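Trainee: From first to last, the protein sequence lines are chains A and B.
Counted from 1, the first sequence has number 190 at position 190 by full-length UniProt numbering; the numbering is strictly sequential.
Counted from 1, the second sequence has number 254 at position 254 by full-length UniProt numbering; the numbering is strictly sequential.
By construction, these hints were calculated from the structure, which means they are not laboratory data.
Here the structure is a predicted model, which means the values were calculated and not measured.
Note that the Cβ used here is the ideal one computed from N, Cα and C, for glycine as well.
Where hints are given, some of them may not hold.
The calculated EDC-like cross-link candidates involving lysine to aspartate or glutamate, where the alpha carbons are at most 20 Å apart (straight line), are [said to hold, decoys possible]:
| hint | chain 1 | residue 1 | chain 2 | residue 2 |
| --- | --- | --- | --- | --- |
| 1 | A | Lys-184 | B | Asp-161 |
| 2 | A | Lys-280 | B | Asp-161 |
| 3 | A | Lys-280 | B | Glu-163 |
| 4 | A | Lys-184 | A | Glu-173 |
FRET-style restraints, in silico, Cβ to Cβ [to be verified]:
| hint | chain 1 | residue 1 | chain 2 | residue 2 | range |
| --- | --- | --- | --- | --- | --- |
| 5 | A | Asp-202 | B | Leu-317 | 40 to 46 Å |
| 6 | A | Ala-332 | B | Glu-163 | 21 to 27 Å |
| 7 | A | Asp-103 | B | Leu-261 | 24 to 30 Å |
| 8 | B | Met-257 | A | Glu-209 | 30 to 36 Å |
| 9 | A | Val-102 | B | Ala-139 | 20 to 26 Å |
| 10 | B | Phe-134 | A | Glu-288 | 42 to 48 Å |
| 11 | B | Met-257 | A | Asp-114 | 31 to 37 Å |
| 12 | B | Ser-197 | A | Asp-202 | 49 to 55 Å |
| 13 | A | Asp-202 | B | Leu-261 | 27 to 33 Å |
| 14 | A | Asn-322 | B | Met-257 | 30 to 36 Å |
| 15 | A | Val-102 | B | Leu-261 | 23 to 29 Å |
| 16 | B | Leu-325 | A | Glu-209 | 46 to 52 Å |
| 17 | B | Ile-303 | A | Pro-213 | 46 to 52 Å |
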Amino acid sequence: MKKKLLALLVVFVSILFVLSACGSESEEASENNNAENEDAKESGTEETATTDEDAGDKPYVAIVSKGFQHQFWQAVQRGAEQAAEEFDVEITFEGPENESQVDKQMEMLQAALDKNPDAIGFAALDSQAASPLLEKADESDIPVIAFDSGVDSDIPLTTASTDNYAAAALAAEKMAELIGEQGKVALVVHDQVSVTGVQRRDGFVETIEENYPDIEIVDTQYGGGDHLESTNLAKTMIQAHPDIAGIYGSNEGSAIGVVNAVRELSKEGEVTVVGFDSGKQQIDAINEGIMAGAITQNPEGIGYETVKAAVDALNGEEVPENIDTGFYWYDADNMEDEEIQAAVYE
Amino acid sequence: MSTLTSNPSTSNQKKRLVSSGALQQILAFASLIILVIFFSIASENFLQWSNIEGILLSTTVIGILALGTTFVIITGGIDLSIGTGMTLTSVMTGVFIVFLGLPVLLGIIGGIVTGALIGFISGFSVSILRIPPFIATLAMMMIAEGLSLVISGASPIYFSDVEGFNNIALGSIFPGAIPNAVLIFFIMVLIGWILLSKTIVGRYTFSIGSNEEATRLSGINVKKWKMIIYTIAGCFTGVAGVIMASRLNSAQPALGMGYELEAIAAVVIGGTSLSGGKGSLIGTMIGALIMSVLTNGLRIMSIPQEWQTVVIGFVILLAVYFDMLRKKNS
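This is chain A alone, in the form it adopts within the complex (with noise of 0.2 Å):
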């Protein structure tokens, strides 16, 4: 019995190996190439080949994120790309398919310091586990610029990334405006734990309650970000005070989940509804004039404040703490702005 345990758990393991080594070939060519060359100061990666050895004098920056495959990761590429252009150095930018995988782009950060960068731009999954590495990198004199979420560790020289009170604030600010000060407000919050759900919930709450006396919320409650949930209680909200002026969704699914009450009960244009982050059906009930409007983070000015760091940090200039990499509030007056529709991503 024991016997037989064992050779499945062999075959087993040896599935996996076969399975993460095609995997590997055909999407982490970056990998591979460490792997068999491990001298070799640099490597490709699938988007932005990277120099051979002798384009030398340019500064390197490997940049590991969270993912490349959303919109959200694309445009922080993009800014990134235009930044090391600007600036004139080389960069990489890879992250793991989804944005559980953690140890996976601790693969990924050990890959890049093995090619020895001049600096490093992180985005952490998971900030402790990271930190054996960012030590590493501490060690070896590698500036580390953290970027979208901050890291719980003081290596990283700066923090590019939304601030996500200030914005949630925009947002409170734009609803006061839109139901003329003063009303019922509610809102739907993707989490009470997440830094960005207490963030987007407080700098909105606090925002009301300093600025506009006449405003009052209601309630406030949590739907994960799960749109049929948040759905659900957003039309129980409604319920519960048929003479609510607004509702602000704190990310995709709460406001999607916001606007599909307010469709559900037919209060289009009897309920003010403020989002936050982008999405096609949050586009479309902007044109469709359900949602008033959302803020949507700079995710190009991200990328683009990373690589600007790492390259005054390699010019041995100061670099503030935390960058603010900004956010913007888009409408139907404003959605075909040029700048907007570079943050605004379906």
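Put chain B on the given structure of chain A with help from the hints.
Mentor: Same frame as chain A, but now just chain B:
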């Protein structure tokens, strides 16, 4: 189904079980009424037609999942793949209709067949490969989750350009009446009820759950019937997936995880025993309604969400406790 027998020493085991099941149903139904009365007093906005419609609509997806999984639970099994399985069926519906341009009806059938296929594979793993249901369907849950992301490229599939798709769930065949999704839910209750109490499938479902070995020894092909039962549950998953896609007008590939537990909770509250052998679909329907009335009522009273979860947890504890009391008495 509702035959109450006054003679507890009857040799007909099935009848006795049904009678105690009926008791549980009455208990569950009474709790539902009490909840409705309580919330109507607590909040004047609760007992409005649009809110009731909202409660019914929010019951549909979890409710249909719960109906299907009731079959599996009565056999003494469990199906953890229904949440992400539902997501996969909604993604596949999207692939059929949006990517391949098939007619809506074919797309819907494709979605339901996908659900049936997921159920069939689970059933095959459980009965032929003899993998315990918990593990087999846990694996299926992960497979379905992964496939949804792979097939959709991890981004939502939108039905915005598919005319009338939204109406599958939200339109109403009888103008001004309840949304179709609610109607479909009740039809599924009816179909499930007929299957479970009027057909051979139902008889074998109970029989396998009460005593699998005895069922096998009496010449019934338990393996075959288990596969059929999981496949039926899979069809329900498929219907739930189509309804969710229609209501959200999109297939969201990252949704669905955790829905299986809510559905199982509804089944348990409805009086179906997790140790198998007894249960009812009417009970499950009431269980699902209790869950959504509770959530809706607590929300409408603006009770903080953290506490809503605590309350629902207590309700599940109570339901299982009553189930145990009942077992002791019988």
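Trainee: Sort out whether Glu-173(A) lies within 20 Å of Lys-184(A), counting only the CA atoms.
Mentor: Status holds; Cα separation ~14 Å.
Trainee: Take a look at whether the Cβ-Cβ distance between Asp-202(A) and Leu-261(B) falls inside 27 to 33 Å.
Mentor: holds, 30 Å
Trainee: Starting from the range 23 to 29 Å, see whether the pair Val-102(A) and Leu-261(B) falls in it by beta-carbon distance.
Mentor: With a Cβ separation near 24 Å, Val-102(A) and Leu-261(B) satisfy 23 to 29 Å, so the hint holds.
Trainee: Would you check the hint for Lys-280(A) and Asp-161(B), treating anything up to 20 Å between C-alpha atoms as holding?
Mentor: holds, 12 Å
Trainee: Is the hinted range of 24 to 30 Å satisfied by the C-beta distance from Asp-103(A) to Leu-261(B)?
Mentor: holds, 27 Å
Trainee: Taking 31 to 37 Å as the hint, is the beta-carbon distance of Met-257(B) and Asp-114(A) inside that range?
Mentor: holds, 35 Å
Trainee: Does 46 to 52 Å hold as the CB distance between Ile-303(B) and Pro-213(A), or does it fail?
Mentor: violated, 26 Å
Trainee: Holds or violated: the 40 to 46 Å window for the beta-carbon distance between Asp-202(A) and Leu-317(B)?
Mentor: violated, 34 Å
Trainee: Look at the Cβ atoms of Phe-134(B) and Glu-288(A) and judge whether their distance stays inside 42 to 48 Å.
Mentor: holds, 45 Å
Trainee: Holds or violated: 20 to 26 Å for the Cβ distance of Val-102(A) and Ala-139(B)?
Mentor: holds, 22 Å
Trainee: In this structure, is the beta-carbon distance linking Ala-332(A) and Glu-163(B) contained in 21 to 27 Å?
Mentor: holds, 24 Å
Trainee: Need the status of pair Lys-184(A), Asp-161(B): alpha-carbon distance at most 20 Å?
Mentor: With Cα atoms ~35 Å apart, Lys-184(A) and Asp-161(B) exceed 20 Å; violated.
In terms of the numbered hints stated before, the structure departs from hints 1, 5, 17, listed from lowest to highest.
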